[in-house]
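Q: Spelled out, the chains give:
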Amino acid sequence: MVGAGRLGGGDGPGRVGRARQTTPTLRPVRAQADELSLSTRGDGEVIDLTERAQRVVDGAGMRDGLCTVFVAHSTCGVTTIECEPGCNADLNAILEELAPRDRRWEHNERNADTNGHAHARAALLGPSVTVPVRDGRLTVGTWQRIVCVDFDDRPRTRTVVVQLLGD
Amino acid sequence: MVGAGRLGGGDGPGRVGRARQTTPTLRPVRAQADELSLSTRGDGEVIDLTERAQRVVDGAGMRDGLCTVFVAHSTCGVTTIECEPGCNADLNAILEELAPRDRRWEHNERNADTNGHAHARAALLGPSVTVPVRDGRLTVGTWQRIVCVDFDDRPRTRTVVVQLLGD
Amino acid sequence: MVGAGRLGGGDGPGRVGRARQTTPTLRPVRAQADELSLSTRGDGEVIDLTERAQRVVDGAGMRDGLCTVFVAHSTCGVTTIECEPGCNADLNAILEELAPRDRRWEHNERNADTNGHAHARAALLGPSVTVPVRDGRLTVGTWQRIVCVDFDDRPRTRTVVVQLLGD
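Just so you know, the sequences run in chain order A, B and C.
Heads up, the first sequence is in the working numbering, so the first residue is 90 and it goes up one at a time.
Heads up, the second sequence is in the working numbering, so the first residue is 90 and it goes up one at a time.
Heads up, the third sequence is in the working numbering, so the first residue is 90 and it goes up one at a time.
These are calculated hints, taken from the structure and not from any lab test.
Keep in mind that this is a model prediction, so the values were computed, not measured.
Any given hint could be a false lead.
[Said to hold, decoys possible] Beta-carbon label-pair distances, calculated as ranges: (1) Pro174/C <-> Arg116/B: 25 to 35 Å; (2) Asp191/B <-> Arg192/C: 16 to 26 Å; (3) Arg193/A <-> Ser128/B: 45 to 55 Å; (4) Pro244/A <-> Asp202/B: 43 to 53 Å; (5) Ala201/C <-> Arg193/A: 46 to 56 Å; (6) Asp132/C <-> Thr246/A: 49 to 59 Å; (7) Glu140/A <-> Asp191/C: 44 to 54 Å; (8) Asn200/C <-> Ser128/A: 48 to 58 Å; (9) Pro244/A <-> Asp224/C: 41 to 51 Å; (10) Thr246/A <-> Arg130/C: 33 to 43 Å; (11) Arg192/A <-> Arg199/B: 24 to 34 Å.
[Stated by the list, open to error] Here chain B is said to cover these stretches of chain A; the calculated rule only asks that three of the stretch's residues, wherever they fall, bring their Cβ under 8 Å from a Cβ of chain B: (12) 178 to 185; (13) 197 to 211.
[As the list claims (entries may be wrong)] Covered stretches of chain B (chain A as the covering partner; in silico rule of three or more C-beta atoms under 8 Å from a C-beta of chain A): (14) 160 to 167; (15) 212 to 220.
Just so it is clear, CB atoms sit at the ideal spot from N, CA and C, and this is done for glycine as well.
Isolated chain A (complex conformation) (with noise of 0.2 Å):
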């Protein structure tokens, strides 16, 4: 990267003003992760990941990057909410709506399944985000929480990678 000192200017419209800028420094960027493992209901407990996440970032020293934290199972989603109850139940009840448990499932029927509705909702809300690191903080905001979305029918172990780049 060169030039790094001359940051992207620009008023395009509704923009008002930037913050705070990255001051390139000499370090190297370096790859880190850690392997969280969660202990679930299933049934779309959402699972606030934020403070692990910035505990992984704290142990690693990292000041700016990106921490992409990543669930590797079909029946689970990550996003964020504000991660509140109110909150939390009103994203299962629209995914409810929407891919309701009760309905005929194809996947249900091919393989002797029951939670067809989970792969469907997971599917749709993705399995990861990734979120910036600045001076060594998410830069998730105040109410903003990085969540794991259990959907599956049943209580499961489940294995979430927190992985950072950065340096």
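Based on these hints, arrange chains B and C on the given structure of chain A.
A: Here is chains B and C on its own, set in the frame of chain A:
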């Protein structure tokens, strides 16, 4: 990374070729970021951030790597869309059907709030997209735009982080 | 990144342990990419890209880092799913209920087009997933596959970028 000249081959189903490959260089990978401050109207306003993200790439002189566009609020989402008035209205219309503003929202009841629908829509859409950068350009398609959608029910000032990692 | 040996600890609720930790090495982080060209049938075809992405990782000799799979079109999405015929049909079925092809689409009316539903579905699913790579392997679960879903209403040729950042 070793053996960087041997890019992945393969001829799986549906694959007809590769358009371009990166020639690895000796430039070091660096982390760099910019924060955008947006004045939004809320109510599903769709704000095109593509040019602003490209200006951050240009300003940093980044050639190849990743650009993550992340909104640091739990009632906004980031995705890609063609970003013409029809597509933007359609996206909001189906989200109004899925998560209608006037539905009963447990978030509103518990917190004496009015934006429960915004939380649900934002959690579904997700807070970020990560777009590869090649030869100094975001690899978005011709009509594909990186957008922030503000679902809140009032005008707000929003922070978007454009985080680069690349050489 | 300093203090890389002190990985984040903690004993938050639901946490039962960590399976593996990265041992930081002195190999430099590099950016490398490959572009895949796909011939798709459209209409919700689900194309498994996991093996092709793994081949890009293998060819680059990357050990630890991030792999972003990004589709450069506004009528396709990328997510993870079990990718058996039942799950794939179920995902398309709930998207047909949420964003039916024969609904009134403002995109179609404004542009004399026919794929308004494809734009809405793609914006909801999102254009990319970012998957950690550890010890040279994508960290997807046993039945979790990285897929591109082409929602357009006709066969198309599609560009997917597999972007690596790691050591």
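Q: Each hint should be assessed against the structure and marked as holding or not.
A: Taking the hints in turn, this is what the structure says about them:
no. : hint                              : in the structure
1   : Pro174/C <-> Arg116/B: 25 to 35 Å : 45 Å, violated
2   : Asp191/B <-> Arg192/C: 16 to 26 Å : 21 Å, holds
3   : Arg193/A <-> Ser128/B: 45 to 55 Å : 46 Å, holds
4   : Pro244/A <-> Asp202/B: 43 to 53 Å : 32 Å, violated
5   : Ala201/C <-> Arg193/A: 46 to 56 Å : 36 Å, violated
6   : Asp132/C <-> Thr246/A: 49 to 59 Å : 37 Å, violated
7   : Glu140/A <-> Asp191/C: 44 to 54 Å : 47 Å, holds
8   : Asn200/C <-> Ser128/A: 48 to 58 Å : 50 Å, holds
9   : Pro244/A <-> Asp224/C: 41 to 51 Å : 29 Å, violated
10  : Thr246/A <-> Arg130/C: 33 to 43 Å : 38 Å, holds
11  : Arg192/A <-> Arg199/B: 24 to 34 Å : 29 Å, holds
12  : 178 to 185                        : holds (count 5)
13  : 197 to 211                        : violated (count 0)
14  : 160 to 167                        : holds (count 3)
15  : 212 to 220                        : holds (count 6)
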